[in-house]
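Kindly produce the complete structure, drawing on both the sequences and the hints.
Going down the list, the protein sequences come from chains A and B.
First residue of the first sequence: 1, per my numbering; consecutive thereafter.
First residue of the second sequence: 367, per my numbering; consecutive thereafter.
There may be inaccurate statements among the hints.
Claimed, not checked - Derived pair list, reagent style DSS-like, types lysine-lysine, alpha-carbon separation capped at 27 Å: (1) Lys389/B with Lys343/A; (2) Lys273/A with Lys210/A; (3) Lys668/B with Lys57/A; (4) Lys57/A with Lys273/A.
No lab work stands behind these hints: they were computed from the structure.
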Amino acid sequence: MDLDHDPGFVQLLTPDGRRVPHPDFGYAGDDSSIAAHLRAMVLARRLDAEATALQRKGELGLWPPMLGQEAAQVGSVAAVGSRDEVIPSYREHAVALGMGVTPLEILKTFRGTHMVDWDSRALRFHLYSFVIGTQALHATGIAMALQLDGRVGPDDATNAAAMVYFGDGATSQGDVSEAFVFAASYNAPLVLFCQNNQWAISVPIERQTKIPLYQRARGFGIPSVRVDGNDVLAVQAVTSWALDRARRGEGPTFIEAFTYRMGAHTTSDDPTKYRGRDEEASWRAKDPIARVRAYLRSTGAIDDLWEGHLTNESDALAEQLRDDVASLPDPALADWFTRVYAKTPSGLIRQRDAHEAYEASFEETA
Amino acid sequence: MTTMTLAKAINAGLRRALEADPKVVLMGEDIGRLGGVFRVTEGLQADFGESRVMDSPLAESGIVGTAVGLALRGYRPVVEIQFDGFVFPAFDQITSQVSRLHFRSHGRLTVPLVIRIPYGGGIGAIEHHSESPEAYFAHTPGLKVITISNPSDGYWGIQQAIASDDPVIFLEPKRRYYVRGEVHPDVSPEPLHAARVVRSGTDATLLAYGPTLQTCLDAADAAASEGRQLEVVDLRSLAPLDDDAIVASVERTGRCIVVHEASRSGGLGAEIAARVTESCFYSLDAPVLRVTGYDIPYPPAKTEHAYLPDVDRVLDAVDRAFAY
Chain A
1 MDLDHDPGFV
11 QLLTPDGRRV
21 PHPDFGYAGD
31 DSSIAAHLRA
41 MVLARRLDAE
51 ATALQRKGEL
61 GLWPPMLGQE
71 AAQVGSVAAV
81 GSRDEVIPSY
91 REHAVALGMG
101 VTPLEILKTF
111 RGTHMVDWDS
121 RALRFHLYSF
131 VIGTQALHAT
141 GIAMALQLDG
151 RVGPDDATNA
161 AAMVYFGDGA
171 TSQGDVSEAF
181 VFAASYNAPL
191 VLFCQNNQWA
201 ISVPIERQTK
211 IPLYQRARGF
221 GIPSVRVDGN
231 DVLAVQAVTS
241 WALDRARRGE
251 GPTFIEAFTY
261 RMGAHTTSDD
271 PTKYRGRDEE
281 ASWRAKDPIA
291 RVRAYLRSTG
301 AIDDLWEGHL
311 TNESDALAEQ
321 LRDDVASLPD
331 PALADWFTRV
341 YAKTPSGLIR
351 QRDAHEAYEA
361 SFEETA
Chain B
367 MTTMTLAKAI
377 NAGLRRALEA
387 DPKVVLMGED
397 IGRLGGVFRV
407 TEGLQADFGE
417 SRVMDSPLAE
427 SGIVGTAVGL
437 ALRGYRPVVE
447 IQFDGFVFPA
457 FDQITSQVSR
467 LHFRSHGRLT
477 VPLVIRIPYG
487 GGIGAIEHHS
497 ESPEAYFAHT
507 PGLKVITISN
517 PSDGYWGIQQ
527 AIASDDPVIF
537 LEPKRRYYVR
547 GEVHPDVSPE
557 PLHAARVVRS
567 GTDATLLAYG
577 PTLQTCLDAA
587 DAAASEGRQL
597 EVVDLRSLAP
607 LDDDAIVASV
617 ERTGRCIVVH
627 EASRSGGLGA
637 EIAARVTESC
647 FYSLDAPVLR
657 VTGYDIPYPP
667 AKTEHAYLPD
677 VDRVLDAVDR
687 AFAY
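This is the structure:
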């Protein structure tokens with residue numbers, strides 16, 4: 001693709017389930033790979049719904065739902081190669097699943113038993129970040145490290161790139177603009193994947209930007225594409241192209257996945273206070289799952305039996321998750337003192353020991 | 367006199383400040399249409415308009431930095447940082463600019479800016495939502511640091527902070543937001559930087575502020591049933607500290623225990639212990655003791671009950687003070 005050319009709004013599957021061509025991007029897979037996307041989206045949505053329900057029952061402290069963003073996440077993670085590094089924000093639950101994080105590992109953080117419990121280095125899926133936009137700089141540095149390691153170049157058997165996720169609100173943070181500057185300056189092998197879900201809690205996108213977000217990246221010298229974030233085919237096609245560019249040393253790309261947070265910001269939020277039902281209804285009509293289902297039904301690639309299996313699989317996932325969460329033991333505070341430094345200072349050991357002795361004094365008298 | 371929650375009291379104080387001075391403006395993430403994630407600014411945008419109660423872009427450094435500019439042009443901005451852990455993107459603005467413009471301008475400029483920060487733990491939150499960052503700010507010359515423990519101080523304190531020509535870090539204990547208390551809308555309050563003896567006692571002084579004040583009052587109740595009379599002082603102002611009130615109390619009781627949620631090393635307890643030792647050495651029956659968070663990042667929610675100072679830990683410190 002000519003990088004000076006604006007490909008417009010990239011869509012390959014319409015909301016009513018029709019494949020449409022695009023002059024610059026095409027989906028490389030077949031119906032069975034599309035069915036795999038559908039399965040991933042349905043399972044992620046079920047995880048999301050179950051987590052929301054668990055929060056309502058008091059089993060989780062908080063949950064940030066990703067309802068509506070399944071295609072942006074499943075499509076982009078499907079483009080990630082076996083050496084690529086992925087750096088998430090805090091709502092990338094479908095990306096997490098795609099990178100091999102278990103549903104329970106995701107929920108541990110939100111139950112408050114753990115900080116972040118997955119092995120980020122082994123999975124190449126970094127810690128969730130809760131400070132908005134901070135991870136964009138870390139991702140840029142990870143991409144710079146890949147470059148320094150000689151992992152960027154034409155050899156598709158060894159090359160690698162990084163991809164960072166952030167939201168529309170994060171683009172207002174200085175850290176994200178600085179990431180643009182560094183990524184462009186060092187020609188870092190980085191895909192900046194922005195899920196523009198239209199709302200930063202109660203603040204609409206219009207407060208964060210006066211031009212379409214993807215156009216901002218061009219001012220930093222970073223090629224950019226706006227993709228239908230509710231179209232899993234288009235998201236995968238665009239992300240694959242951008243990651244390929246990065247791995248080969250052609251530099252960073254900004255992707256604006258135009259999507260919608262169909263749920264609340266978190267379970268503590270009440271969207272009825274700041275947005276209308278009409279808006280929500282108009283986005284429900286662009287549901288990322290419904291269009292894939294309609295398409296695969298129209299081609300005969302899936303049928304009632306296939307969907308029945310998927311429903312059973314979803315139910316099993318939810319049931320397992322409920323059981324697993326309920327049986328998570330509460331941690332002891334004492335365990336956390338030795339996680340502050342690589343080598344724990346003796347003073348902190350003394351603090352821990354005093355804490356344990358104090359706690360034990362209750363058990364003796366009880 | 368009326369009874370209201372701390373959140374409503376701050377809201378009422380902000381409303382009165384907006385009414386009293388057209389130069390008062392509010393800025394922050396989600397403070398307008400939503401009324402803030404804790405609803406402290408609820409209804410204010412509807413009543414005072416979008417030019418005085420501004421929903422800002424999602425950028426804390428931007429919020430504080432632009433508020434500096436507004437203040438330099440004669441406005442009195444009150445900005446909200448949504449959660450304690452999100453103040454740090456604005457740390458450069460606060461410590462390098464907000465705190466120093468008066469000094470850098472040889473006293474010609476003032477920055478009448480209030481930075482409201484919901485702070486502290488105990489609400490079962492995820493990371494960065496339970497921090498106690500007061501020591502960073504109290505350590506920074508040029509900043510005033512206020513923390514409130516009750517609705518009356520919320521109502522009056524926010525108005526006094528807005529009236530201050532110096533920048534004020536205004537720390538609101540989020541786990542106390544929805545606790546009710548009495549507010550006297552017409553009784554003139556204590557000065558902004560005066561500590562308050564909330565409960566008189568003769569045997570030991572508990573120095574507390576913000577969320578730990580109630581913990582200390584509960585501890586004093588429990589100690590009284592065992593025959594020990596504890597004095598409880600609400601520090602209210604962490605910068606400047608009300609040295610006179612602290613010293614007077616410790617000289618009465620001979621024992622001093624500082625209680626805060628923030629981690630121990632380099633915390634307010636350390637500063638207060640040094641001052642009390644310097645000023646009250648011959649009145650002390652025991653070393654100044656601290657009941658604080660531990661020297662670890664705020665831990666996962668399921669362990670916070672063990673991290674936070676509670677009544678038992680305060681009473682344990684009282685026992686230790688009496689054992690000397």
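Now the hints, each set against the structure:
1. Lys389/B with Lys343/A: Violated, at about 52 Å.
2. Lys273/A with Lys210/A: Cα-Cα ~24 Å, so holds.
3. Lys668/B with Lys57/A: With a Cα-Cα distance of about 16 Å, the restraint between Lys668/B and Lys57/A holds, given a limit of 27 Å.
4. Lys57/A with Lys273/A: holds, 23 Å
Of the numbered hints listed earlier, the single one contradicted by the structure is hint 1.
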